[in-house]
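Undergrad: Given these sequences and hints, build the entire structure.
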Amino acid sequence: QEIVSGECEEESNGVNLMDFSDEILLHILSYVPCTDLVLNVRRTCRKLATLCLDKSLTHTVLLQKDYKVNKDKVKQLMRDIGKEIYQLNMAGCYWLPSSSIDHITRCKNLVKLNLSGCHLTSLHLSKTLSTLQHLRSLAIDVNPGFDAGQLSSECKATLSRVLELKQTLYTPSYGVVPCCTSLEKLLLYFEILDRSREGFMLSGQLMVGESNVPHYQNLRVFYARLAPGYVNQEVVRLYLAVLSDRTPENLHAFLISAPGSFAETGATKNLLDSMARNVRLDALQLPKAWINGSGLLQHLKFNNPFYFSFSRCTLSGGQLIQRVMNGGKDLKSLTSLNLSGCIHCLAPESLLRKAEDDIDSSILESLVVSCCNLRHLNLSAAHHHSSKNIGNHLCQLLARLKHLLSLALPVCSITDVAANVEKPPMQSNVMPQTLGKKVRVGVQTYSSQKPQSSVFWALMGSLPLLENLEIIGSSFSSAMPRNEPAIRNSLPPCVRAQSVGDSEVAAIGQLTYLQSLTLAQLPNILTGSGLISIGLQCQHLRTLSLANLGMMGNMVYMSALTDMLKHCKCLRDLRLEQPYFSAGAQFFQALSHCSSLQRLCIVSRSGTLQSDAVMSFMASCLEVIMCHMFMGESLTVCKNLQQSIVRSFQAERPALNVVIFPLLHEDLTEVIRDVPMRHLDEITLFKSRVAEEPPNLWW
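Counting from 1 along the sequence shown, just add 1 to a position and that's the residue number in the working numbering.
Derived from the structure by calculation, the hints contain no laboratory data.
Computed cross-link-like contacts, DSS-like style, restricted to lysine-lysine with a CA-CA straight-line distance of at most 27 angstroms: (1) 128 - 113; (2) 128 - 74; (3) 48 - 74.
Label-pair restraints from in silico Cβ distances: (4) 247 - 391: 49 to 59 angstroms; (5) 616 - 54: 33 to 43 angstroms; (6) 51 - 247: 49 to 59 angstroms; (7) 652 - 231: 38 to 48 angstroms; (8) 304 - 366: 21 to 31 angstroms; (9) 158 - 24: 36 to 46 angstroms; (10) 587 - 323: 48 to 58 angstroms; (11) 54 - 135: 19 to 29 angstroms; (12) 44 - 666: 44 to 54 angstroms; (13) 122 - 44: 27 to 37 angstroms; (14) 666 - 304: 48 to 58 angstroms; (15) 647 - 528: 34 to 44 angstroms.
Glycine included, C-beta positions come from ideal geometry on N, C-alpha and C.
TA: This is the structure we're talking about:
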């Protein structure tokens, strides 16, 4: 923006922006990044100089996705408006040096501070917090080498007044939790690897002593999310040990998200028994082993619940209705429900039922009626097959949830029953999909009915507010799981899913306000024509993730994808996972039309890339700061391209993060561990994100 002196001049067309009221101008300016407002816009004229420093614009400063901010801008920003900032979010600013944190000391009035993902040592944290006497909310990372003994008495005094703490652990430690004696909300993210970089096994043992005991007496919210690994389980048990001794009376949200098997112990059983006797909860999530086969849910008491997650539990529909929903009574307070991987949740009982059997529509109807205000619903990773009874299809029942903002469904749940039942499975349905065999899966069951008459078309037309949609195959697994070698084989799609293809994808184009879309393992994609409808009609689309569409041995939808991308002007994140994907000139020329694109991730077994096309794309798309490609190219080709991108663009893009690496290389997990957690968690690793956490868990 050009910096000029004096008053703004009259525009040639007679419309002067400065003639608008201050209220309208402040609303417009609220969409401009704070760094631009303070460092650029306010220097254009006197009126804007005053408005850009209005408290409504400087009270909360969000730098977490301002990828153009650098250390000099941070320094100048804090110098100019530091005293006016009450909330500062620098989460995920991994590119800023730790010295940038020192400038926060100018923000004497800070109440909320988010430094997750920032380079932060014990000494920098001590220096910063020592000056923030009004701080009440804090988010930090605890990395190897963190030493609470280096925290000053002034820093500990600040921590003693903190009410909300979010702590991401990369090493076994209590972090600053023992210093926070007034905690009401504690969020813990365990990202500790089982082995060090040198290959040594890590231990989950922590120092035990009075100074290291967490203080939970005022706790209202306890949340813990564990990455895979036994060390994370060991460490979280130590955090829970204090809770098992004395359960806080005001606890109303207790959530533990743990992948795989996380066995219940005597201490955790005592904790749950104490919770059943002494507290009434509003939000609940527990490891599946703590719920499966136990009568826990029968004894827990709920107040006005707003979030439930029973992900991967063997909870039956009968148990869900009777124990959680009080026999189908009013649960209008519930806004978010995660039943992903809960394979029997829509059946009356689970003992004699097969996962592929039809659902009991009366259970789903009870859920819809009781939880009529649901905003977020996740039913993925299960076979939810509707019966032939007219009016009882899953899509027809979900269409009653008019307030839904995000929805995750398995592919087999959206198919029209008439197009699939009583059809014998083809040979291609039984045999696993193998790479190199160009078998067109699902073509034999393609339905020729008018697409507008399908139940999925009707569902999409009934959810006008939907912003986030995930349609994921019930047997889909990403080729790049966490902390493990790449998966070389994939399971075949569900038989019921084999008619889901282009017409269903086209139906998604009805979602005018769609912002995020995930499609995985849709076997009957023939041309990808439905993608073009989405590109044309979903103009707010920001995040797109496509995986294993159509034939596994051939990229059948490349032409449609390139046409779609030409219309995605708001797209910021794109993730593609497809075997034999050719990332060449045609693809990158189309992708160059996505002028807002910031992050790109491609995962492709036996995939190829064209280095010149990648370089041209990076040069034309100036907003791109993340380029991750895990392909079938050689290590030499990958390294040379990665070095070329970094060498050419790092200086102009301080946040640039480039990882180009062979997907099946044995060192992939070592490369992955260096990826900033923001990118790894939000785009690089595939997962269902609908109702993954309670809404508004952190600001």
